[in-house]
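Going down the list, the protein sequences come from chains W and C.
Mapping the first sequence onto the working numbering, position 46 (from 1) lands on 46, and the numbers just tick up by one.
Mapping the second sequence onto the working numbering, position 423 (from 1) lands on 490, and the numbers just tick up by one.
Mixed in with the good hints there might be a few duds.
Claimed, not checked - Computed, partial: chain C to chain W, Cβ under 8 Å:
1. Ile91
2. Gly274
3. Lys476
4. Pro480
5. Gly482
6. Leu483
7. Leu486
Think of the hints as simulated: they come from the structure by calculation, not from any bench.
In this text, all values refer to a predicted model and were calculated from it rather than measured experimentally.
Every residue gets a Cβ at the ideal spot worked out from N, C-alpha and C, and that includes glycine.
What follows is the residue order along each chain.
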Amino acid sequence: MGLDIRWPIGLMFTLIGALLAVFGLVKGSESVSLGININLIWGAVLLVFGVLMLLGAIKGGKTPPSA
Amino acid sequence: MQAIQLQWIDYTILIAYVAFVIGIGLALSRYMKTSADFLTSARSIPTWVTGLAFISANLGALELVGMAASGAKYGISTAHFYWVGAIPAMIFLAVFMMPFYYGSKARSVPEYLKMRFDERVRALNSFAFAVMTIFASGISMNALAKLLHALLGWDYNFALFVSSGVVLLYVLKGGLTSAIYTEVLQFFMIVLGFAPVVYLGLKDVGGWHSMNSALQTVATNPAAIYLKDAGTTYAPNAWTSAWQPVLAGPTHNPMGVDWFAMIFGLGFVLSFGYWCTNFLVVQRAMAAKNMTAARNTPLVAAVPKMFFPFLVIVPGMIAAALTTLPDKGYRIPPPVIAQANYDKAIADVKNGNAANIADDLGKKVDAGKITSLIAANTASKLTDTQIEQGLYNSVAENDYDGVILSLVKKYCPAGLLGLALTALLASFMSGMAGNVTAFNTVFTYDIYQAYFAKGKSDAHYMWMGKVITVVGILLSIGAAYFASMYNNCMDIIQLVFGFVNAPLFATFLLGMFWKRTTATGAFLGLFGGIGSSALFHALTIAQGNTPGIKGGYLKVVSIFPSEMAQNFWLAAFAFIACFTLTLVISLATSRTKSDADLKGLVYSLTPKIVDNNAPIYQRPAVVGVVLLIVCIILNLIFW
């Protein structure tokens, strides 16, 4: 099928990751769990994951992954 | 427990997720040209995608909730449902069975049965599967809607209709491909949504080793946190070792099972019966783009499956461990109790009526804790909130299904909370889409096309597939309401499906690997297997249960230490009965299919697949062996 699933996955996690991270930065006091700003950290993790997926999709072009 | 309050950021995450899954459905709708596109993805999808969908379709919300519950109740032994009860069967499916499913060009598992045997076997399997899928879906929807109602205060009907409406929309637009693609997205959502909860829980409990030492306290006195009846005690490693307590015998592990039932009943009969014959999962592999991809699908799936215990079972273990540490202010949640009942009990605490409190709450209470709560209130007036908290801690019953969300609530600030709840909804939707897409294919091809409307145009079947998708979802909603109203009927229905499923693998095993198996043998063997599991159930019971729906209603011939042991032995018994009957009847009846008819359907009559030209990491046999070794190592680590 013509849709590379890495596009939506990448876009969604980039978006949600960025949102969480920014929320963690701006509302630091509301984002703390057990003394760590978990929204910021986990937002960043999701962001990195999303960007990696997008890079994979761009690099893969229109051809689906060969695996 | 107070309802969790969601903030705008949580809703934003939830809505973003919903928008993306619907978007995937819309983006795929223009590729849906034939009924094969819609119902079978026209065999076009790469391995890693079908592999993750394979695992995600199986990972429903009930599994997430249930595995955390079992983690608290039984500890690391729960991982046997993965390491014994899934991985070997998934590898067997990939290496030995996929060639027949994929190579036969069957569009569904029932259709394979028709090719191998005859219409009778197909009819039995497809009707049972269709009905079972609807009820399974309904049970899961009911559970989720109840959970969302109890914890978020959402309206039951709202939760039911909105979540199934979303699934309907994207499955209707993009068919099986859409279900598979969204399952991949949901897979990542589930893993990334729950991982931080596990991390925070482990951090709070003081790391893996602290968790284990707290669980040793649990094992020596499980009654202290209301896990077992007073006086029950196990070796300290009963929650933290996977094999030693099981090998020591059924009275030495909290599951109450013996090693034979574990390995033969769960690891062979139930596990192979589910993973190798259930169209819900097999369908994902059948959508792969070629034979190698199809065979590698369960193998790709086995990798995350093997490590899922750390995501879904460890939270339960954390919850049990935290409950023993008083300074953490956590307990495994008690059953949900209405505020009115709490109010009555609060009044009785103030009046010092200790004897009334169990009745007020409608639950068993810890008399010692109630006495000290009343004493504390007499010494210095407590606020109503403090008393309610004290009562909450005094309820001597656990609601294990609440474990996972109680941890989410405890550790997740706004934002992360939205992510974790979205993960829960994602698991629900992936499970439901799995059921719906398997149902519409089996119904359209194996029931409608086979018995009601042969030889219509493809456009007609495509149209029918869509109608059946809508009908399937409506029926699931109906089943959910039925489940919410008649819980006992649901128990009976699930019981009957247990009987139907238990012997199934014997039929497949003989059919695929012994060409002499006849259609009559398979058909009567299946019936015999179903009958003997019902009989087995009617004659046995688990300790502590009264004869009736739990078994033993004819006569109690044998008593098992736990329901789980009863189930495992029932499966083993049904398998042996079906296997023997099929074998004997096959020998007594003459073959109706020649060797030529069975080419591609039976092991000995099918040319061996030569995959020597594939790179070594893509050869199913090689990958399968490597995965099996990794799985054995995991078992040894947690021995």
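Going down the list of hints, with the structure as the test:
1. Ile91: Interface hint status for Ile91/C: holds (5 Å vs cutoff 8 Å).
2. Gly274: violated (12 Å)
3. Lys476: violated (11 Å)
4. Pro480: holds (5 Å)
5. Gly482: Gly482/C check passes; min Cβ-Cβ to chain W is 4 Å, inside 8 Å.
6. Leu483: holds (6 Å)
7. Leu486: holds (7 Å)
Violated hints, listed in ascending order, are 2, 3; each of the other numbered hints is respected by the structure.
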